[in-house]
Amino acid sequence: MNVYYLQLLILIGINIIMASSLNLVIGYTGQLSLGHAAFMSLGAYTSALATLRLGLPFGAALLIGAVVAALFGIVIGLPTLQLKGDYLAIATLGFGEIVRIVFLNLDITGGAVGLRGIPKETDFLWVICLVLITGFALNRIIHSRVGRALLAIREDETAAESMGINSTYYKTLCFGVGAFFAGIGGGLFAHWFRYIHPNTFGFLNSIEYLCMVVLGGLGNMWGAVIGAGLLTIIPELLRQIADLRLLIYGIVLIIMMRVRPQGILGQSQGKSTHTLSRYYKQILGKIKNR
Amino acid sequence: MFVQQLINGIILGSTYALIALGYTMVYGIIELINFAHGEIYMFGAFTGMILMTRFNLPFPAALLLAMVTAALMGVTVEYVAYRPLRRSPRLAALISAIGASIFLQNLALLLWGSRPQNFPSPFKIKVYQSSFFSISQLEIIILVISFLLMVGLSFFIKNTRTGKAMRATAQDRDTASLMGININRIITITFAIGSALGAAAGVLVGIYFRTVNPMMGVMPGLKGFVAAVLGGIGSIPGAMLGGLLLGIAEVAGVAYISSQYRDAIAFAILIIVLLFKPSGLVGLPDQEKV
Amino acid sequence: MAEQTILKATNICHSFGGLMALKDVDFKISSKEIVGLIGPNGAGKTTLFNLFTGHYCPTRGEIYFNNRKINGLKPYQITPQGIARTFQNIRIFSQMSVLDNVLIGQHCRTKTGLWGAIIRTSGSKREEARAYETALKMLHFVNLEEKKDEHASNLSYGEQRRLEIARALATDPTLLLLDEPAAGMNPQETSTLIKLIRQIRDEMNKTILLIEHDMKVVMSISERVAVLNYGRKIAEGTPQEVQNNDEVIKAYLGESA
Chain A
1 MNVYYLQLLI LIGINIIMAS SLNLVIGYTG QLSLGHAAFM SLGAYTSALA
51 TLRLGLPFGA ALLIGAVVAA LFGIVIGLPT LQLKGDYLAI ATLGFGEIVR
101 IVFLNLDITG GAVGLRGIPK ETDFLWVICL VLITGFALNR IIHSRVGRAL
151 LAIREDETAA ESMGINSTYY KTLCFGVGAF FAGIGGGLFA HWFRYIHPNT
201 FGFLNSIEYL CMVVLGGLGN MWGAVIGAGL LTIIPELLRQ IADLRLLIYG
251 IVLIIMMRVR PQGILGQSQG KSTHTLSRYY KQILGKIKNR
Chain B
1 MFVQQLINGI ILGSTYALIA LGYTMVYGII ELINFAHGEI YMFGAFTGMI
51 LMTRFNLPFP AALLLAMVTA ALMGVTVEYV AYRPLRRSPR LAALISAIGA
101 SIFLQNLALL LWGSRPQNFP SPFKIKVYQS SFFSISQLEI IILVISFLLM
151 VGLSFFIKNT RTGKAMRATA QDRDTASLMG ININRIITIT FAIGSALGAA
201 AGVLVGIYFR TVNPMMGVMP GLKGFVAAVL GGIGSIPGAM LGGLLLGIAE
251 VAGVAYISSQ YRDAIAFAIL IIVLLFKPSG LVGLPDQEKV
Chain C
1 MAEQTILKAT NICHSFGGLM ALKDVDFKIS SKEIVGLIGP NGAGKTTLFN
51 LFTGHYCPTR GEIYFNNRKI NGLKPYQITP QGIARTFQNI RIFSQMSVLD
101 NVLIGQHCRT KTGLWGAIIR TSGSKREEAR AYETALKMLH FVNLEEKKDE
151 HASNLSYGEQ RRLEIARALA TDPTLLLLDE PAAGMNPQET STLIKLIRQI
201 RDEMNKTILL IEHDMKVVMS ISERVAVLNY GRKIAEGTPQ EVQNNDEVIK
251 AYLGESA
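Residue numbers (the numbering used here), protein chains in the order written: chain A, 1 to 290; chain B, 1 to 290; chain C, 1 to 257.
If you're looking for bench data, these hints aren't it; they were derived computationally from the structure.
Predicted model only: the values in this text are computed from it and were never measured.
Quick reminder that beta carbons are idealized off the backbone N, C-alpha and C, glycines included.
Among the hints, a few may not be true.
[To be verified] Mimicking BS3-like on lysine-lysine, the simulated pairs with C-alpha atoms at most 25 Å apart in a straight line are:
#1 A:K281 x C:K148
#2 C:K32 x C:K195
#3 A:K288 x C:K111
#4 C:K32 x C:K8
#5 C:K148 x A:K286
#6 C:K8 x C:K28
#7 C:K8 x C:K111
#8 C:K23 x C:K250
#9 C:K23 x A:K281
#10 C:K111 x C:K137
#11 C:K148 x C:K137
#12 A:K288 x C:K137
#13 C:K28 x C:K147
#14 C:K125 x A:K281
#15 C:K74 x A:K84
#16 A:K286 x C:K74
#17 C:K147 x C:K216
#18 A:K288 x C:K125
#19 C:K125 x C:K111
#20 C:K28 x A:K288
#21 C:K111 x A:K286
#22 B:K277 x A:K84
#23 C:K69 x C:K32
#24 C:K195 x A:K281
#25 C:K148 x C:K74
#26 C:K216 x A:K286
#27 C:K148 x C:K125
#28 B:K277 x C:K74
#29 C:K195 x C:K137
#30 C:K8 x A:K281
[To be verified] Label pairs and their computed distance ranges (CB to CB):
#31 C:S220 x A:Y169: 38 to 44 Å
#32 A:G285 x C:E203: 24 to 30 Å
#33 C:N89 x B:G152: 42 to 48 Å
Work the whole structure out from these sequences, hints included.
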């Protein structure tokens, strides 16, 4: 395969992992996080140091990176998730910036020089497998008791609590899961480009993932996939007009939100057609047969 | 040493306060984080610089014209990117704001290139020395201008008909509109004033550091928002207080902790404030009704 | 029927800032009773509900449910002990299906976690099937079974109120708190509701406490009525007694009556 297209596909794959894990947090649980790239950077740096310094196999390094990101997600989420709406957004943004600045100043991460010489371990197979695993796991979570609790929190946190749902627990859990997959995305990224820099995972990158989720349609699994695909490909198509690239990107965002504020696959309020999961029909079928 | 730091902090803080005012006024009225505000500030700085270097305007005229230009720009951004989305989900408006911010940033890059440009100092470098501290004529002028602008705004909001209408709209948009207040007009005025203050901050920072560049709005933009949250978003005295405190904290942090973590200090303060008093220093807590 | 007290509140005081919303309220409810809680607007009825369900913590006083102290607990800790509620302004999960709404009620009676959800263990499958069955039973009970796949926001107002009741019942409570269940209903819907509330008590053996402004509803189904005014309990007794109580009449009609 042409190296250029391979790279594009790999980037799309990584962005799908990032967008769909963020979708769990924003789309399904309703918690506006603007620090997703920070979790990606935690996974990227941890896994890169694991292969680079400790010589661990790639799979193990990815897992460690994801776990570290998830732990940070839980530690950060526990206090900040008490906040609502824009306050949470701004707290997560602040947290993301702090992570970036710390990485800029640590010796072990290479500081402002960045981390070089990471072994090239990521390939198409790894990416495709992990995209599928991410999609599978997230889909299962959403269509379960846990997913219902998350949705209930998004819809009405007070009512959810009165149904016996410990909202702090579930919000933190979802933050941890989101961070876990973002960590995997980061590990894949680091071992593909072989060089990472704190500014690769800044505030604007978090915003980019947010845009993917919103553009595709909040709370829709395929929406995140389409959003990630489009927002990876569009800037590539605009590469010929390098100077105007981001200018047009900005315009595209504004126009998209004007034309379709709920995103490409998003539900418009009220009159949506609710798609029922296969699992749902399966159980109903079984109950009827009894 | 301490008094000197305090003065430096107040000078930096007064520019944050001017930026914060724009955020807090807009948020108070349409509950939107105006992500393009940092770019308005940057455009204000550039306009001031160009007017003084290419058109040889005197400083007061350049400042005033920069504020007017920025006001027009802010109003245009609102008209194009926010107004059509007023009834859309809030995230859509947020993404649109981000789109506007990306657009403006890259427009500046296209117009003026990425290299920092010189901002000529309009004042002779005259330093007043005392046994505790020294302060330059330039610094005094910056303080006086910010102070006058803030006092002027407070007077306007408190005493004029339009100011009262703005406060009423911030409290309850629907009721205000029933009372015969033209909401669209109020929103336009809010954006105009907020943007003008942002541009003033841009010009003041420009003459202070004697340099401008298209990315200069990103960090001050974020910090201006932090200052607004710190003081209590929606509160005008809160934004002033928040800006000053943030400036002082940042200068103190650089002096006594580490200059590398300069930007992290602002965000750490933000997170601490959000956790212990999410409504900010001046804001009133809002309890959810069940 | 054994008269067993299931909820006992003593000396409840609650203030918002400086405003006393409830003053020294004593309240008791026995197993399988239907009790009405009435009073003029702002008398503190919903505040009392919010204290029972843990949305607020009383400034003073104690609340016991099944002999266990519950004040200071959070709503999600109280619900599993057997108190469920509906809300004055309907709070259904409007972007979810009707069945999913009721399934949420089963949350505290099930325990599948992250792993069970991803792996779909046989235990979690069984649990899920059981939850579905309970949820369908509850929907059948409130006569919404046909609408189970519908988006909750597409239901009519009366249906949404019934859905909220089904959802509360799905938490398997012993005590059900209904906050103005008949508000906004037409006479026909109201009479269906009255029947439904009786059924909940008679067939499901629940204890019911309801706030209601529609006196026809309160007086026809309550065995006992408590009256709040300005945060104090001013009367308590059978509907008959309460209707003839001077203080109650004064509270509702004013001094001159």
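Item checked: Non-conforming hints, listed in increasing numerical order -> 7, 9, 13, 16, 17, 20, 24, 25, 26, 30
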